[in-house]
Amino acid sequence: MTRIEQFWYTRPTRDSGRSPGYQIVAASPGLTGEHGFEVGVASRLCRYDPPAGPCGLAGAPASFGWIDSDDVRYCFRRVPLGVDEHGRPGNFAAHILIGPPNLMPSAALAARLASPWWWHGVVPEYSALPALADIDEVPVGELPDAGPLAERFVEALLQREPGRQIAVHADPALIAALVVVTDDALPGLMDHYALSTHEGPQTARWFDITGSEHPMPGSIPVTDQPDPGTPDEVRRAARLVFSTKQRAAISMAVHAAGIGTRSPDVGSLAAYITAYSGLAAGQVPAMPHLARALNNPTAAGQILSEYPHARDAVAAAVVRGDGLIAESLAAAIAQGLGTTALTELGGAVAGQLMSAPHSSGQWDSTLAALASLAPALHTACLAEMVANVGELPAAVEKMSPQNRVALLWHAAAGDTAIDHPRLRHILEELGPHWRLAVDSTSFPALWRGWALAAAYRMSIAESPSVAGRLLQDNSLMAPFCERVSGVSALLRVLASMPRQEQQRMARDFGAVIGPNLCSSLLEHFSAQIKSAPERLAFLRSCRDAGLLKDPKPGLSPLVCQSAGRQLREGMCAHGIPKLSPDLGALLEWCPRTRSVEAWRAVVSAAQWRSAVTDDLKRVLGKVSDLPDPDERTMVREYVFACFARRRPGLTGFYEAAGLRAFTHRSSNMIALAKACDRVIDATGDRMPAFEFLRCAIYTAARGELSFGKAQDQLLQAAMRRLLSAFDQELRTRLRTEAMYGSEALARWWSSVEESAGARGGFVNKSLRHFGFRR
Amino acid sequence: MAPPRRVAPCPYCGTSLILADCPIVATNFDATVGGFAGPRNGDSEPVAKPYSGAPALGGHFGRPVLWRPVERVRVYGAKARLKRGITSLMEDPRDRLVAVRDFAPEDLPARACLQCGEPLPDDIGERPILTIGIVGTTSAGKSHFLASLIRDGAQRQGLRPWGIEEFMLDETSADAYRQKYQAFFHDHVVFEGTMPGAAHEVRKHPLAVRTALDPDTPVTLLFHDIAGETLLQRGQRARHASFLTRAAALIFLIDPLMIEPIRERLKGGFGNGRYYNQADLVNACISDLGAQRASTTPIAIAVSKSDLIETALPGQRFVFRRTPSRNPETAMREMNSVDGEVRNLLGAAGALDLLAAAERPGRGPLVRFHAVAPIGREPAVSSGQGRAAVSEIAPLRCLDPLIHILTSLGRRDEAAAR
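Going down the list, the protein sequences come from chains B and W.
If you count by this note's numbering, then the first sequence holds residues 369 to 1142, one letter each, in order.
If you count by this note's numbering, then the second sequence holds residues 4 to 421, one letter each, in order.
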């Protein structure tokens, strides 16, 4: 309904030309069709029960009031008309208004009780009435002064329980005046009540407030005399209601009690009034009053937001464990207490806790109480603690693990004070409860990693647990590694991981720890990899991942060893070519000197077997693939030096291959010569050089040694150097052998000897001796 | 004594009730404010505590429940019944009635209707409860007739000569009668017009009279004092007087002032207002019964205010203006005479439609005309006091319609028994 509809109801006289009997004699248009249901409901109000006893028509009071049903307000004014022309008594005239409650506020209706506008029972010739847009279209009538009865009336309202009736011992106009003044002092309150100034016994129970004619059993009487049974609080509140100084406080109390809303808390209004009047004066009300005021979310919101002294008192009560306050807060929270108020209260509670020494148990119990009341309250308290982390007492470190974790969480969430020693200490002192922090997904990874590291360091967390969590959440890696210094610890963790994950995790570890540690870790870890190919593949992947940008002294040998092992294993199983990519890559990566060392390992590996010629060929073939010429040379030199030093192997090599491998590569011969030279320099051992030369002579004698010009000269120079180191006996033996070769060899040898300072006659003699010269 | 019946219709809403399924509620408790729009359902209303202190098992239409039946689960077949511990194949123990008397008497326990929530009469299940509809237009004198009928029947035991030993109000009805009707006889104050606004209460608060059709057939009769305005509108009648459609018998009160020739003969300025055609109401109410029931329902059509007829037709002597004989045979003869007199009167007054309503085929002896005078005197108006009083209350022949109905019902009962 959007307008106020009205109708008149009576038993018309015969002269009116209407049918006999009670009926609606005039109605606004809206009631004839669409609002038939409301008319049916309103028809229940179409009755008038005369007062008991012989009061006469003049003494019979008008019955005025209103009642709500289904969001529709029914206002009525019924007056007795006495006897009709048939001699039948009991006739009455009822003027009913039907409309939405917001268009017909109770105070506005009451102010119009004495208006001359109301119908008095004269049946009109017409039957149409206008609908009203607003109750203001009805003129206001004169009402008497409410006088002292107003306080009694408010007392009755304040102490009324739901379902209990208030019986006002006053005439209808005074009752209306009471409504008007009460609504002025407590706006909206009267809209919650159904009122009738006069009712019969059958219908009196419909109304919250009635006249005194037929009160229900147990009703609250309102008379001029104060009721001694009225509680003091109610009496004081009723006095305050009409005090002009307390208007603001009363207004807040009304607001707080939800007056005017669908679920007002009128029962607590007296407490609100008392509490607010005290609060406004800067006082903290008594706890029971405060508790009652806090029952209502609106009131609680105001008290906690606008009155710091009250807020502090509430906070102190919470810390004390005051059950009454806790219950009230719980009720307010359940009804939707605002987050702002909760936040402020949480902060105040934290302040109270920090302002005085409290045991860790008290911290725990307070935080538990806050958590049970509302998560927001708990959060706010912890947030305040974090914000003032510098003032946190040592007791917080002994709080329950849950609270400690929650505190840490808030610290991390607020991104404040993460590095504060108190918090870090709390984090690292979680002990057996480390899982609370580590497994909390809402906890930042940094802290979780730290907590994990702390637990691991303290040997509370076992390696498998740690490994599992690191595998589960990669973000824990960095903080964990930050706090766990030492490669051995990381290696233990790696060892606890599934085999297939170890290398990946080792690389991840390496990525987050420093370069030095990384090299060390990878070195140690790769050393544990039994399979050389696997190890090399791992190392190469580390290098490709940029973890081994700058090879350290410790790593190259590892690579070299790995290479050697790979070669050994590879030659046994697959042969070198299959392993070449990783090996080549690593050799390229190792610095030159380290490459040589690597090759030493390669060669050592090759010497394991006697029939290694092909393998060595392959090795040397790979050496030739090295991009750097100097490097190639150095590697070759070293290889042959190694051959030279290990005579049996070298002999075997010569015997098996007859240096065939080198015939078409004079560079090999040169390198070999240099290698022998190096051996002589290093050890004084001339035998490798002797063997080399002898083999060279044999080879040349067989016509298999063909020198290019440049190489020839180099080779000669090298051989000369070698020869110069030999004593006479060895030279003679070589010469002899050379002389048994070809003429070309003999000639070449002579030239060599000559260049080494031998006499020319010797050559000629020899040539003749062998028949080369006549 | 016959065992209690398991199924009975609610006398207020007509719903067929399995009595064992009806909760037992306290009817004596501190009522709270409310009830203007009526309870929507039983549990939403505030529940008061029973006086006895017994725990309330929730609410039922605003009344505290003292006992609720266990939920009825259908059990199929003998095997299933045995499995559930129901050994008798003939009787489900859940059908056994919990006695209302087992509960604290201070709570005034009563079984309540599942549909309308009203506490059922104590007699329900023990004896038939018959509704006697008293129908008439506004100002026909229904309230006065009811008051006089009860006085003559219950207080003066006017039915004893007819062999009806028991005719008494139950306690609740006796209270209501005392509060509402006693002033009529004590103070000679005429009733105010029955307000249609109270119709919804009237339906639930009839006057209950314990009587018998014969010594072996005790019954409880329910009388409702409903406003004429309610009866005259079909919608209102259906809403607030639906009991008329289930009535065991109907008493129509015909207001002679609504019959134009009679009204014109009366002095005192009963002017030229608009009036209802009472035959329409008679026909409507009989139609509401349905064709089947209409043919077997006893109907008494009583011209009310018979003293006014005497005034309107001076010089004529009517049997219905004589005090009825206490000899049943003589009284029956008088009633037959009255029947004829009233038929002639109505015929002469041109109310042929009323006669036609009674003389429809199949109605026969079940319809009888009467003439009653519930007050017996014309009230004197005292406008200053807003009341009307009569110097003397002299009701006349108010029991005649009831005698007709009871004898007809008794005969019907006998026929059915045969």
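No lab work stands behind these hints, which were simulated from the structure alone.
Honestly, I wouldn't trust all of these hints.
From chain B, some residues computed to sit far from chain W (all C-beta separations above 12 Å) [to be verified]:
1. Arg415
2. Phe460
3. Pro530
4. Gln533
5. Gly568
6. Met584
7. Asp600
8. Thr1100
Taking beta-carbon pairs under 8 Å as the criterion, some of the chain W residues facing chain B (in silico) [said to hold, decoys possible]:
9. Thr35
10. Val36
11. Gly38
12. Glu195
13. Met198
14. Gly200
15. Glu204
16. Val205
17. Gly231
18. Glu232
19. Tyr278
Just so we're clear, the structure is a prediction, and the values are computed from it rather than from any experiment.
Positions of the beta carbon are idealized from the N, C-alpha and C atoms, including for glycine.
- prompt: Which numbered conditions among the earlier hints are violated in the structure presented, ordered from lowest to highest?
  reply: 1, 2, 3, 4, 5, 6 and 16
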